[in-house]
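> Given the sequences, and given the hints that come with them, work out the whole structure.
According to our numbering, the sequence shown is numbered sequentially starting from 284.
It is worth saying that the hints were derived from the structure and are not from the lab. By construction, the Cβ of each residue, glycine as well, lies at the ideal position given by its N, Cα and C atoms. Incorrect hints may have been included.
Unchecked claim - Okay, the calculated beta carbon distance ranges per label pair:
1) VAL321 to ALA284: 16 to 22 Å
2) LYS297 to TRP323: 17 to 23 Å
3) ASP290 to VAL311: 17 to 23 Å
4) GLY293 to THR319: 31 to 37 Å
5) TRP323 to ASP300: 30 to 36 Å
6) GLY293 to SER322: 23 to 29 Å
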Amino acid sequence: ALQGDVDARGISSKVADNIKLVDYAGFVDLVVEHGTAVSWV
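Listed below in structure tokens is the structure:
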């Protein structure tokens, strides 16, 4: 989950322990690492 979104919604205490929180740079790293998962084109 994106840390910024979790913080903005005030739901930090509701995020399960097995959910990794990442910042936007971490999100970009995940996208680059895993590539396209779903494509509508």
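> Are the hints correct? Go through all of them and say.
Evaluated hints:
Checked against the given bound of 16 to 22 Å, the beta carbons of VAL321 and ALA284, roughly 18 Å apart, stay inside it. Judged by the Cβ atoms, the range 17 to 23 Å given for LYS297 and TRP323 is violated: they are separated by roughly 31 Å. At roughly 18 Å, the beta carbons of ASP290 and VAL311 sit within the given window of 17 to 23 Å. For GLY293 paired with THR319, a C-beta distance near 32 Å keeps the hint of 31 to 37 Å intact.
In this structure the supplied range 30 to 36 Å holds for TRP323 paired with ASP300, their Cβ-Cβ distance being about 33 Å. A beta carbon spacing of about 34 Å between GLY293 and SER322 contradicts the range 23 to 29 Å that was offered as a hint.
In summary, the structure is inconsistent with hints 2, 6 from the numbered list given earlier, while agreeing with the others.
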